[in-house]
Amino acid sequence: MTYRPTFVTEPVPGTGRRSGADQECLPRVRVVQEETNPSEGVLAHVLESSTIPLMAHLTCIGYCKQEAVDIVTRFLRMGVRRFLALRGDPPAGARADEVAGELRHADDLVRVIREVEADFFGDGKRHVTIAVAAYPATNDHIEAIEVLAAKQAAGADLAITQVFYDPADYVALTNAASYAGVSIPILPGVIPLTDLRRLARLEALTGVRVPDALRSSLGSASGATLVERGIGATLDLATALLRAGAPGLHLYTFNRTRPALDVISHLRLGGILAGAAPDREVRDAVDRGYLQATPGRGPSFLRSGSPGAAASPRHPVQPHNTITKENA
1 MTYRPTFVTE PVPGTGRRSG ADQECLPRVR VVQEETNPSE GVLAHVLESS TIPLMAHLTC
61 IGYCKQEAVD IVTRFLRMGV RRFLALRGDP PAGARADEVA GELRHADDLV RVIREVEADF
121 FGDGKRHVTI AVAAYPATND HIEAIEVLAA KQAAGADLAI TQVFYDPADY VALTNAASYA
181 GVSIPILPGV IPLTDLRRLA RLEALTGVRV PDALRSSLGS ASGATLVERG IGATLDLATA
241 LLRAGAPGLH LYTFNRTRPA LDVISHLRLG GILAGAAPDR EVRDAVDRGY LQATPGRGPS
301 FLRSGSPGAA ASPRHPVQPH NTITKENA
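Residue numbers (our numbering): 1 to 328.
In case anyone wonders, no lab produced these hints; they're calculated from the structure.
Note that beta-carbon positions come from the ideal geometry of N, C-alpha and C, so glycine has one too.
The reader is advised that the hints may include incorrect statements.
To be verified - Cβ-Cβ distance ranges computed for the label pairs, FRET-style:
no. : residue 1 : residue 2 : range
1   : A180      : S49       : 40 to 50 Å
2   : E146      : D236      : 30 to 40 Å
3   : G124      : R258      : 40 to 50 Å
4   : S39       : D236      : 33 to 43 Å
5   : R197      : H127      : 33 to 43 Å
6   : G41       : T206      : 28 to 38 Å
7   : M78       : E102      : 23 to 33 Å
8   : F120      : R256      : 34 to 44 Å
9   : V69       : G207      : 26 to 36 Å
10  : T51       : F120      : 17 to 27 Å
11  : P211      : D119      : 44 to 54 Å
12  : P91       : R126      : 33 to 43 Å
13  : T51       : R74       : 15 to 25 Å
Take the sequences, apply the hints, and build the full model.
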């Protein structure tokens, strides 16, 4: 199996969040026509122009149940059959428990999707795949697993992790999940490690600290050297995760597809190599693939006699499904 996306995800903007615990979630008249939502146009375009299944990304904080029902129903009518169900973040300066709405947690949204699915199809079968979030980089795996177990009980099919940098965090999470009876697949979420400023912003948003060694490596490089170091670090992480038993990878693009395509290209070539020392023909193929992925630069670290020439056999990965995420 080659490295091709199993699905792509597309965020969908909410209908508005209301802060203040004293506010009630009351029915409201919609004054914006459905077709004015730009994300629906994107969803429709992907559904019509691509064979890759699309996963709609939904948040529920601040929603009334009927709002969620309407949105999910509309997406089912469009042909969407996969959803990423998240709680979402409260407005700046507010706590989650201060935001009015009937759907307080992601498992509430999962239940709504399952209810809408049952009403929409009416045959008692499952037609929809639901993904939820998981959090490896936490000091409290007990709470994280309790939350994940609740999502599984509500009807989730798989979990996708938040960004992290240490494979040991993923292993600890999956071990704890297995021990607690959580059986859904847990896909590690990986961001191409090529942009230190983006990683710093993620650290501020998520609290997941960028390792000092990675910060130093990226901070002291620029241009093609920065790309090589970043892609190399990403491949190290990806390979370690796949070897640890990850069922696939979820690549966060954050609107920048080029680094993700570079990673996928190298993973595909690594699967072909399968650990064997590359001969000249294979090295030339690797160079051509990298030149296509990153115009103007070949992978010097893959060439015989250059620093890091062993990088090719260092990333021998067996074929797995690769998942990409758009606009996370």
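Comparing the hints with the structure gives:
1. Between A180 and S49 the beta carbons are some 41 Å apart, a value that agrees with the proposed interval 40 to 50 Å.
2. One distance hint, 30 to 40 Å for the beta-carbon pair E146 and D236, holds here, with the actual separation near 31 Å.
3. Between G124 and R258 the C-beta distance comes to about 44 Å, which sits within the given range of 40 to 50 Å.
4. The supplied range of 33 to 43 Å is met by S39 and D236, whose beta-carbon atoms lie about 35 Å from each other.
5. Under the hint 33 to 43 Å, the C-beta atoms of R197 and H127, about 41 Å apart, fit the expected range.
6. Between G41 and T206, the C-beta spacing of about 29 Å keeps the proposed range 28 to 38 Å intact.
7. About 24 Å separates the C-beta atoms of M78 and E102, a value consistent with the hinted range of 23 to 33 Å.
8. The supplied range of 34 to 44 Å is met by F120 and R256, whose beta-carbon atoms lie about 35 Å from each other.
9. Judged by the Cβ atoms, the range 26 to 36 Å given for V69 and G207 holds: they are separated by roughly 33 Å.
10. One distance hint, 17 to 27 Å for the beta-carbon pair T51 and F120, holds here, with the actual separation near 23 Å.
11. Here the CB-CB span from P211 to D119 is close to 47 Å, well matched to the stated 44 to 54 Å.
12. At roughly 34 Å, the beta carbons of P91 and R126 sit within the given window of 33 to 43 Å.
13. Separation of T51 from R74 is about 22 Å and conforms to the stated range, judged on CB atoms against 15 to 25 Å.
Hint violations for this structure: none, all hints satisfied.
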